[in-house]
Amino acid sequence: MKVLWLQAAGCGGCTQSLLGAENRAGVLAQLADAGVDLLLHPALSEASGKDALDLLHAAASGALPFDILCVEGALLRGPNGSGRFQILSGSGRPVIDWVRELAARARQVIAIGSCSAFGGIISSGENRTDACGLQFDGDQAGGLLGPDFRAAAGLPVINVAGCPVHPGWVVDTLLALALALGAFAESDLDAWQRPRSYTEQLVHHGCPRNEYYEFKASAEKLSDLGCLMENMGCKGTQASADCNLRPWNGVGSCVRGGFACISCTEPGFEEPGHPFMETAKVAGIPTGLPIDMPKAWFVALAALSKSATPRRVRENSRSDHPVILPGTRKGGPK
Amino acid sequence: MSRRLTIGPFNRVEGDLEVTLDIADGRVESAQVCSSLYRGFEQILIAKHPLDALVIVPRICGICSLSQSAAAAAALADATGLPMPANGRLASKLILACENLADHLTHFYLFFMPDFARAAYRGRAWHALAERRFQADVGEALREVLPARADWLRLMGYLAGKWPHSLALQPGGTTRAITATEKVRLLTVLREFRAFLSSRVFGDTLENVGALHRADQLSAWAQGRAGDFPRFLDIAADLGLERIGRASDTFLSYGAYAQQGGAGRQDDHREHLFARGVWRDGVLAFDEALISEDVAHAWLFGEQPVHPREGETRPLIAEFADQPDAYTWCKAPRYGSRVAETGALARQMVDGHPLLRALVAANGGSVLARVVARLFEIALVVPAMEGWVRALTPGEPFCHQWQLPDQASAVGLVEAARGALGHWLHIERGRIARYQIIAPTTWNFSPRDAGGVPGALEQALVGLPVGEDESVPLAVQHVVRSFDPCMVCTVH
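First to last, the protein sequences are chains A and B. In case it helps, our numbering puts the first sequence at residues 42 to 375. In case it helps, our numbering puts the second sequence at residues 1336 to 1827.
A couple of the hints might just be wrong.
The list that follows gives simulated cross-link-like pairs (lysine-lysine, DSS-like), each with its CA atoms no further than 25 Å apart [unchecked claim]: (1) A:Lys336 x A:Lys375; (2) A:Lys371 x A:Lys262; (3) A:Lys262 x B:Lys1383; (4) A:Lys262 x B:Lys1518; (5) B:Lys1383 x A:Lys322; (6) A:Lys262 x A:Lys322; (7) A:Lys91 x A:Lys43; (8) A:Lys347 x A:Lys336.
Some chain B residues flagged as far from chain A (calculated, every beta-carbon gap over 12 Å) [what the hints assert, rightly or not]: (9) Arg1347; (10) Asp1387; (11) Gln1403; (12) Ala1454; (13) Leu1464; (14) Arg1526; (15) Glu1577; (16) Arg1615; (17) Val1618; (18) Glu1638; (19) Ala1785.
According to the in silico footprint, chain B covers these stretches of chain A (three or more CB under 8 Å from chain B) [as the list claims (entries may be wrong)]: (20) 55–68; (21) 122–134; (22) 166–173; (23) 258–264; (24) 300–309.
Since the hints were made in silico from the structure, they are not lab data. Where is the CB? At the ideal position from N, CA and C, for every residue including glycine.
Just need the whole structure built from these sequences, with the hints factored in.
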């Protein structure tokens, strides 16, 4: 399976994250073993300058057939639709023109990261560079390739969203395609065209702060152990991703690191409408309630659980280390 | 015979780079370095809540991610006048050092060494080994380095939640208190990395490497030694890499791994593991007021060179033609109107490592000296990190609380893997009114200034040999990559 990887207007962080995948021989060996052939990757390939450009021309003209186009980074349509905010070095042509041409030749097109999926961080503010994703502009279908785009194998763009992606999300997606080409169906994608393999879960699932959440024992300041939802801006109960079921860098995740989930896998995460590290509230109640939960239930449950919070949980939630240990029970758990 | 050669896309650097060379009689006569991507982060930051900078700036760069966070946190701390608890300071240094060393490793194995495996070097005594070990994508060293790097990044899992793009670095410290058991695990990660470095990278203990003080000691040490760094030294000696890549020989370092503070404009020379200062035939005190940026050759609006505290970033949009001399999105930073080089070599020049000073005294800044400085820094920093982990005191605070002022003018200066990184922040009515960033590669890959003086790389490329049928000259690739450029940071 031949893969062509382009870096559009991004930070390269998804590649850096991917290289951190935990595998006994490293992710490049793992991909190669599964038959993934990286024809060109800007951070990894030997080819540079004319050699790289010749390869891109051959791929764009059809002379060099390839299977997968991976695009990392947002697509810059500005200024004034010209795409000149990002010229593919050495070619004199905007990156968006190359992406359009290459996408038309690819069997599958994969957006690596939230920038190439939805526009991402660069599209925030006034979006002066007119940044968008491959097939979405924020949560609006369209983007660079248009809502009706289908790659040669019949699928729309596969959005491996995340800022950055977890290495496992990319590996799972590439291996699913490499080991069973054609078996990856539209039904394997969610409403934002993300692989369901990692979006069937919420960031909340497996959150190590679950007991604090249950009792609404909330962190009040940075480094507190309590639940980050009520005050600290955490969107783990609304964001799709398996971040707390499959750790980052072996042992971590955002909430494990002591800070909020900013829902980086979701379109529009870059413009939350409130400071990222503060929870938006109306009359003291968070506006971003857990997904699928009616407001009245949440209010009632929160009031009840706050009134029933054990002292240990309350005290520990406001500290950066446990100050009260769980009690012991004679005769062991029943 | 003269010709013009444009090289791009320049791969195995972070981000978008195009280099144009004017060649006469088989040598580079002059060079233009173009950063061909503009994203506008400094504009995106305007009117945001000041703490939102901690979400936005790491996303400038996925390889210098936490360095960007560290600079923003330092600027915010400067705005509040906030001291950091000892644990927070130690954890912040560990996080930054983890990223910097991971980047050095990535640069050496993934970006720099694969060029020696090229077919053009077939016939050299070392080529077969270089090909087997370092070839891009498939070299056997990658099967050892990537797992070692992933294990190393577990430090980030513990201390910062994840890498890249974390919110763990805050103006008041770090968000994640380390427990006594986790201290043990952090030390275990460090010990495993140390073992990997000793057996694969150096073929010797880190302490023995750091103690090599003279150039002749270094070559004697490298003779026949099994390790990728000595293998590089063998290749470098054969190709004469000590003789190519000289830039301005003015070296700038903001000081790495501050014991306290980190923002300060004053010359807090002794407060860093690697000192703050400027080297030009000797160490000079650093004065932040001497920094300016010039846009004479960039596709940006602006008149005179200005200090970043007063700078702005406004792209020329329809008016490319209005600035016919422009050829890049990169500004031209200058220190007291001089072209400065920054990076691991600059840090060691300013701090005074005898070996690096000796290499530069002999041949000036070079491909060899830059790579040696990076590898030496790995050997010097790992032992320091072990000390920082031991000094962590579980149960004591990691993060102080603070109130952001409605109005402030502040600066955060840190050392990223690639060198001096500065954030200049102005807060008005509780919002960001101005945000200016000068990244390490903005210094190194600067275009000409208004006086026509070329930037550091542009100087370093002049005089390099270019074969008649070479479309991607090898010497040019070595020199460009010796700076470990990060182009996404450069323009941001």
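Hint by hint, here is what the structure shows:
Between Lys336 of chain A and Lys375 of chain A the alpha-carbon distance is near 36 Å, which puts this suggested pair outside the 25 Å criterion. Annotation: proposed proximity of Lys371 of chain A to Lys262 of chain A is violated, straight-line Cα distance about 36 Å (limit 25 Å). Straight-line distance between C-alpha atoms of Lys262 of chain A and Lys1383 of chain B comes to about 21 Å, which keeps the hinted pair within the 25 Å bound. Pair hint Lys262 of chain A plus Lys1518 of chain B holds up; C-alpha atoms about 23 Å apart against a cutoff of 25 Å.
Taking the CA atoms of Lys1383 of chain B and Lys322 of chain A, the gap is near 19 Å; set against the 25 Å cutoff, the hint holds. Pair hint Lys262 of chain A plus Lys322 of chain A holds up; C-alpha atoms about 17 Å apart against a cutoff of 25 Å. A threshold of 25 Å between alpha carbons decides the hint, and for Lys91 of chain A with Lys43 of chain A the separation of about 20 Å falls inside it, so the pair holds. Only pairs whose Cα atoms come within 25 Å are accepted, and Lys347 of chain A paired with Lys336 of chain A is accepted, the gap being roughly 16 Å.
Here Arg1347 of chain B does not stay apart from chain A, with its beta-carbon only about 6 Å from theirs, under the 12 Å limit. The beta carbon of Asp1387 of chain B is not kept farther than 12 Å from every beta carbon of chain A, the shortest such distance being approximately 5 Å. Consistency note on Gln1403 of chain B: stated as away from chain A, yet its beta-carbon is not over 12 Å from all of that chain's, at 9 Å minimum. The non-interface label for Ala1454 of chain B is inconsistent with chain A: the shortest C-beta to C-beta separation is roughly 9 Å, within 12 Å.
The Cβ of Leu1464 of chain B sits about 17 Å from the closest Cβ of chain A, beyond the 12 Å cut-off, so the non-interface label holds. With a minimum CB-CB distance of about 16 Å to chain A, Arg1526 of chain B clears the 12 Å threshold, and the non-interface call stands. The beta carbon of Glu1577 of chain B is kept farther than 12 Å from every beta carbon of chain A, the shortest such distance being approximately 23 Å. Annotated as non-interface, Arg1615 of chain B keeps its C-beta farther than 12 Å from every C-beta of chain A; the closest such distance is 33 Å.
Separation of Val1618 of chain B from chain A is adequate, the least Cβ-Cβ distance of about 34 Å exceeding the 12 Å criterion. With a minimum CB-CB distance of about 21 Å to chain A, Glu1638 of chain B clears the 12 Å threshold, and the non-interface call stands. Against the 12 Å criterion, Ala1785 of chain B stays outside the reach of chain A, whose nearest CB is about 24 Å from its own CB. Proximity of the segment 55–68 of chain A to chain B, defined as three or more residues with a beta carbon under 8 Å from a beta carbon of that chain, is established by the 13 residues found.
Counting residues of the segment 122–134 of chain A whose beta-carbon sits less than 8 Å from any beta-carbon of chain B gives 8, enough to reach three: the coverage restraint holds. Only residues whose beta carbon comes within less than 8 Å of a beta carbon in chain B count, and the segment 166–173 of chain A has 5; three or more means the coverage holds. Counting residues of the segment 258–264 of chain A whose beta carbon lies closer than 8 Å to any beta carbon of chain B gives 3, which reaches the threshold of three, so the coverage claim holds. Evaluation of the coverage hint for the segment 300–309 of chain A: fulfilled, as 4 residues show C-beta separations to chain B shorter than 8 Å, against a requirement of three.
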